[in-house]
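A.B. asks: Sequence:
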Amino acid sequence: MLAVYGPSVFTVGLKDWPRHRNAVSRPFSETIMTFVWDESLRQTQSLAKIGLAATSLKGFMMKMDTEEAAALGCGEPRCGEPGSGGLIPHLVRALDQKTAQRTGSGGDVKKDSEGGLSVDEILGNIFVIHFAGHDTTAITLAFTMMVLAAHPEIQEWLHEEITTVTQRQPVEDWDYALSSRMKRCGAVFFETLMAQAPITGVPKITSKKVQALRVGDRVLVLPLGTEFYPMVLGVQTDPNY
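No gaps in the numbering here: position 112 of the sequence shown is 1399 in my numbering, and each next residue is one more.
Derived from the structure by calculation, the hints contain no laboratory data.
Mixed in with the good hints, there may be bad ones.
27 Å max Cα-Cα, derived DSSO-like pairs, lysine-lysine [stated by the list, open to error]:
no.: 1; residue 1: Lys1495; residue 2: Lys1302
no.: 2; residue 1: Lys1302; residue 2: Lys1491
no.: 3; residue 1: Lys1336; residue 2: Lys1350
no.: 4; residue 1: Lys1470; residue 2: Lys1302
Based on the provided sequences and hints, a complete structural model is requested.
C.D. replies: Right under this line is the structure:
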């Protein structure tokens, strides 16, 4: 189902998986979190503006459409600014590396276990990252908003923390370093993820050898090739665990 546009880190076998992981994992490091923080603030402010635009919806939407068209035209979140260093640039650089290897060898190399990704592999990974990332993030945010709407006292609790941490500075001046001090905000997200997990199970397989697990006073032997689907939501909501 996930191999719509090509192989990806979620669909390839064990032999090709390290090559895909190397290209895909780089943007998901702490070095890019400042950009993620700044872009999240910008997007949230845009949503707030939309909420306040009921009386002048037509003019606001025309302005937003113009800004969106300009952003798409220059290929950046904000025209004229340097690239984000996100997933797609890393994948394109991986393709450049692969192309350089093919050119240097003079052959038509289809894949290299230690090289970059092909065009189909780049498209495949872009699709699954967008599919999985947007879906899980959207579900988490949606359920968090529902929880806050049902519990106004939690809204006040969060507002108190945010006001204290930011010292009422303008939103555009909030630094990523502030996020580590927002313990209550993190607690609300974790609680939401526990009760309304966007991913209900994590598929596993004994792919290399027979596995032996000790459960209490028993030893469970799992044959090679056995597939499992642990139910995350059940474990997270069962009082026994």
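A.B. asks: What's the verdict on Lys1470 and Lys1302, does the C-alpha distance respect the 27 Å limit or exceed it?
C.D. replies: Distance ~41 Å between Lys1470 and Lys1302 Cα, so the pair is violated.
A.B. asks: Is the hinted pair Lys1302 and Lys1491 satisfied, with a Cα-Cα distance of at most 27 Å?
C.D. replies: 17 Å, holds
A.B. asks: Taken at face value, is the distance from the CA of Lys1350 to the CA of Lys1336 at most 27 Å?
C.D. replies: Roughly 12 Å separates the two Cα atoms, so the pair holds.
A.B. asks: Sort out whether Lys1302 lies within 27 Å of Lys1495, counting only the CA atoms.
C.D. replies: Between Lys1495 and Lys1302 the Cα gap is close to 12 Å, so the pair holds against 27 Å.
Of the numbered hints stated above, the single one contradicted by the structure is hint 4.
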